[in-house]
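Participant: Here's the letter readout for the chains.
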Amino acid sequence: MDEFDTSELDKIRAEVSESQMKQKTCITICGGTGCHAYGCLKVAEAFKEEIKRQNLQNKVDVRTTGCHGFCERGPIVVIQPEGIFYQRIQLNDIKEVISETIINKKILDRLLYIDPRTEEKIVYEKDVPFYKKQERIIFGNNGFIDPTDIKDYIALDGFKALVKVLFDMTSEEVIDEIKASGLRGRGGAGFPTGKKWEICRKENSEKKYIICNADEGDPGAYMDRSLLEGNPCCVIEGMIIGAYAIGASQGFIYVRMEYPLAVKNVTLAIEQAKKLGLLGKSILGSEFQFDIHIFKGAGAFVSGEETSLMASIEGRRAFPRQRPPFPAQEGLWGKPTNINNVETWANVPLIINKGAEWYSQIGTKKSKGTKIFSLVGKINNTGLVEVPMGIKLKEIIYDIGGGIKDNKKFKAVQTGGPSGGCIPADKLDLPIDFDTLTKAGSMMGSGGMIVVDEDTCMVDIARYFLEFSQEESCGKCVPCRVGTKQLVEILTHITRGEGVEEDIKKLKDLAKSVKEGSLCGLGQTAPNPVLTTIRYFRDEYEAHIKEKSCPALVCKDLIVYNIEPEKCVGCLLCLKSCPVGAITGERKKVHIINQELCIKCGVCFEVCPPKVAAVSKYTGKKRDRILKKDLKQRVKE
Amino acid sequence: MEKVIDEFDKDQRELIHLLHEIQKQFGYIPAHMISQIARQLKISESEIFGVLTFYKAFTLKPRGKHLITICMGTACHVRGAPKILDEFKRELSIEPGETSGDNLFTLETVNCVGACALGPIVIINGDYHGQMKTREVDKLIKICRQKNGKR
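These protein sequence lines are chains A and B, in that order.
Residue numbering for the first sequence is 1 to 637, as defined by the working numbering.
Residue numbering for the second sequence is 1001 to 1151, as defined by the working numbering.
Think of the hints as simulated: they come from the structure by calculation, not from any bench.
One or more hints might be untrue.
Cβ-Cβ distance ranges computed for the label pairs, FRET-style [to be verified]: (1) B/1039 x A/597: 35 to 45 angstroms; (2) B/1148 x A/323: 49 to 59 angstroms; (3) B/1024 x A/15: 34 to 44 angstroms; (4) A/81 x B/1126: 31 to 41 angstroms; (5) A/274 x B/1138: 13 to 23 angstroms; (6) A/500 x B/1025: 30 to 40 angstroms.
From the three backbone atoms N, C-alpha and C, an ideal C-beta is built for every residue, glycine too.
Assemble the whole structure, with the sequences as input and the hints as a guide.
Facilitator: In structure tokens, the structure reads:
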């Protein structure tokens, strides 16, 4: 086996920067899962072909990079070093990008991002409002790195922190540095990372393990995936440093099987790191040895809970167990184990490189650093945003997120996934950190931020999350297994218009029992969505129960679709699209929905041209009147 | 089949890796393989059955030719995923987790694929179909059927 030392890294850095100097222009194409789905790979191929055709290989480089975060506008192309930002690029744009922008240095107006608020066209990535208010200290490198080539990461000072740790710092010094930085676990609970490491460090055992928890199960959250996909080496570097501090010789990355690209890229990164002597025996010529294994999850939400995750690695059902003993004392195969989330590991090299003092200046008093959120739902700019802790919700939703889709009214933002809660409009000034979110009845969670508008029914959202938790409950303890089932049933009754007045009290009482009686985090937090929606949107529950109406017009059993006779132009569109033939009428004559046949699939509402907008939804008394009229009509016939 | 199993160490920690491999190669876990796995890993058959029915990744029944996966993540939910699912259920007359009588389609749901900007999203045989509309469901099913007719 070859001997490697730190000079190897410097050599690679020099090599890469030299070749990048030669090729002055680099077309970077976002290669995250979002852009993949938009067809970015074909775009990258087409760029390569066109460059070959025009014989520009020596001048222009094409690089498929990690996720840029602005998934809404994919496929995204950024031309470096200028940072020209082209969005929603299509295959037939490519020829022109090469001949105009690359050769003639002309900007193609039609590919630029238009700020919807000022209607101004924006040329450079750094000027796009989506990026402007972000502080991308962890996520920023994604856009420059080809995640399948470790050299790109090394060139951007990758593994410098590792060298510093291995040769200039003791384990205790590393732990002190992490403690001083104030870094708290990014998986949701926010436990101080340095303290966690110290506990595991102090355990007396010849074998210790560390784990990277990449079982990102919260629906609507995908920052961990993007980090692993886009910059796997920073997570690996963080893990090696952690292993050195704790004294572990083996590490695992437990990654969801629903993330095939992340599995692929991180596997590749580990192989390359091994070849360069960054993993394995005698890392970079030091006495330290450490290895990382990939463990592909098998589709169970509960395996994100640390004790379940370890059971899963051991080849068993992902059942949680009682704590203590904590994993730091008795973890994998009974040995002391330290487990951190992807984003936590990714913060480590940065803290070592720039120092705890620098790091602790970012954020609030008790929550340091930045946090990556996945901003999704009814928002204009869906994507991943990295912001300093303490930023106001309003700034994320309006300044970065560009406000609500289709000019609708903001209703709430849901944070923390199925374990979290909803935060209503009057709390938009809330500065976000671990503690303020908990106080508002929600939680930071791993960073999912789902924005909902006036067209979202809060009872339905509560039912959705409870149904999720109920299905994912492993069934080991009764409060969670039976309690969540009962909560779902009560909520389902309410959304069907079968609720009774005692239901709200019943929900609250039951929620309390489930929270207090459950064994693990899944059950202890599962009732949060119910409790916060009752706390902030009680009127919606009451409307469902007392008036049998769904104010957001979502709950199927409480609404009807109706064609407005004065608006309908008789175009036959809805009639032809109706999958059950419930619409009758003739060309240029008003169409009518037969309410008895209607399955409320909403196709008529979808296909009716926006200019006509003849199909409406009704609930409550108006719905009753329509149903009565319909019945009369059919009795007549 | 035995070759697949033989490649794994005789230890319970290999169980999930092994099941992944079998699922990948055969498209399901044939029930008669459980005893072989038990012998190789030196664990009981009931333990294996427990594990493979616990995780969503493993199925004891073969899947249909076309695997339709509907993302039911929160972002997709608020953008109308339940309606899309209802339409697939109606068109195919099957529930999630089931395979159609002609073995052509298997319908599944997934909690989140993390492509939230494209929601609601449907994945058919690995291809992503983003920003789905209820009226497009029928078209996608027809395309699958046509593909099959040609073969």
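Participant: Could you run down the list of hints and mark each one as holding or not?
Facilitator: Now the hints, each set against the structure:
Between residue 1039 of chain B and residue 597 of chain A the CB atoms are about 57 angstroms apart, so this pair departs from the stated range of 35 to 45 angstroms. For the pair residue 1148 of chain B and residue 323 of chain A, the supplied restraint of 49 to 59 angstroms holds, since their beta-carbon distance comes to about 52 angstroms. Checked against the hint of 34 to 44 angstroms, the pair residue 1024 of chain B and residue 15 of chain A passes, with Cβ atoms roughly 38 angstroms apart. Between residue 81 of chain A and residue 1126 of chain B the C-beta distance comes to about 36 angstroms, which sits within the given range of 31 to 41 angstroms.
The given range of 13 to 23 angstroms is broken by residue 274 of chain A and residue 1138 of chain B, whose C-beta atoms sit roughly 50 angstroms from each other. Checked against the given bound of 30 to 40 angstroms, the beta carbons of residue 500 of chain A and residue 1025 of chain B, roughly 53 angstroms apart, lie outside it.
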